[in-house]
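Chemist: The chain contents come next:
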Amino acid sequence: MSSADTGAVTGTETGSATGTDTGAPTGAATRSWTVRFRSWLTRAVPEGQWLPDRQPAYVRSWVYVFGVVTLAAFLVVLLSGLVLAVGGAAWWHVSRVGHFVNSTHLWSVQLFFFCMVIHLWGKFFMAAWRGKRALTWITGTVAFVGSIGTAFTGYLSQSNFDSQWISTQAKDGLNSIGVGAYFNVLNPGQMLLWHVMLLPLVVGILVVLHIVLVRRHGVVPPFDAEPPAPIHGVEAPDDGPAAAQASQVPGAQVPPLPAQQSAAAERSEVAR
Amino acid sequence: MWVLLSSPGAVLPRAARYVHWGVVQISLTNLLIIAAMLAVFVLALLLPFPADRKSERRERSGVQR
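Here the protein sequences line up with chains F and Y, keeping their order.
Everything in the first sequence is counted per the numbering used here, starting at 1 for the first residue and increasing by one.
Everything in the second sequence is counted per the numbering used here, starting at 1 for the first residue and increasing by one.
Treat each hint with caution, since some may be false.
Computed Cβ-Cβ distance ranges for the label pairs, DEER-style [said to hold, decoys possible]:
1. F:Leu186 with Y:Thr29: 33 to 39 Å
2. F:Asp172 with Y:Val24: 19 to 25 Å
3. Y:Pro48 with F:Arg54: 34 to 40 Å
4. F:Ile148 with Y:Val19: 20 to 26 Å
By construction, these hints were calculated from the structure, which means they are not laboratory data.
Remember, predicted model here, so these are calculated numbers, not experimental data.
By construction, the Cβ of each residue, glycine as well, lies at the ideal position given by its N, Cα and C atoms.
Throw the hints in and build the complete structure from the sequences for me.
Modeler: Structural data, given as structure tokens:
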């Protein structure tokens, strides 16, 4: 077991182990999975891009708000769902507090979908897959589809006449495509577990991936906007011919040299 | 139990109103929600975003930082 494995900070590994060296690990440090994992994390989203206090100027638009509102609604959905899970499936039928938490869960889901659809429209008409952002678009789309499944199993878990009606209607459609034996909407226990465990896990992982990719590649600029200055250590996204043209118009900023990057980044960003 | 017997409407919701347009049929509630989403989307594109005080001061003084 190497010193890196035991956590001791000695010799040549000291620099990277203390976090002062964020570059690629060398020598004995490459054997340590923690060093390799930290290096991978640093490459995935460089320091300073996780929780930025500045954004590109073009983000100052209402259309860019809906992604973060969707995320906020998602957190309320998760928290209220957690409380409902503690109370049990029938709690909201017999308790005023349970009824309130159930309503919070329902209305936060409505807000979640309302904002997610507007976010989807905004990004679709902006062609948000530009500039090597295809995976960002795909994770968002799959998370949207997964959310529909989660909401569907939620409606089946209400344990009331509505859920009975929805399940008996849905079973025919699901049987017709041959998944009824594996995804039995008439089995409330199975549907409840899909709703509180499997699907939230899938959607949660996709949402985290989506946010990491947004932070890694940056927020997609409008068609006529000048792309922000590249940050050291991150490949500058290719924003397509429109962005290239934007940088060619008179008065537009030319791609800066590394020494000019901090000043250029300040010019293209707005204060918090 | 008395509530259930005296007013079944409290337990059984009324049938939703539906809008029919050829082969398309949609509940009025869903149609209104989609219309609201479209309205909010258009407003988000058109309404100006409020600037923070620092940015306003900078713009007034013509200083870029």
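Chemist: Does each hint fit the structure? Answer for all of them.
Modeler: Right, here's what the structure says about each hint:
Between Leu186 (chain F) and Thr29 (chain Y), the C-beta spacing of about 26 Å breaks the proposed range 33 to 39 Å. In this structure the supplied range 19 to 25 Å holds for Asp172 (chain F) paired with Val24 (chain Y), their Cβ-Cβ distance being about 21 Å. For the pair Pro48 (chain Y) and Arg54 (chain F), the supplied restraint of 34 to 40 Å is violated, since their beta-carbon distance comes to about 20 Å. A hinted range of 20 to 26 Å for the beta carbons of Ile148 (chain F) and Val19 (chain Y) is consistent with their spacing of about 22 Å.
Of the numbered hints listed earlier, those contradicted by the structure are 1 and 3.
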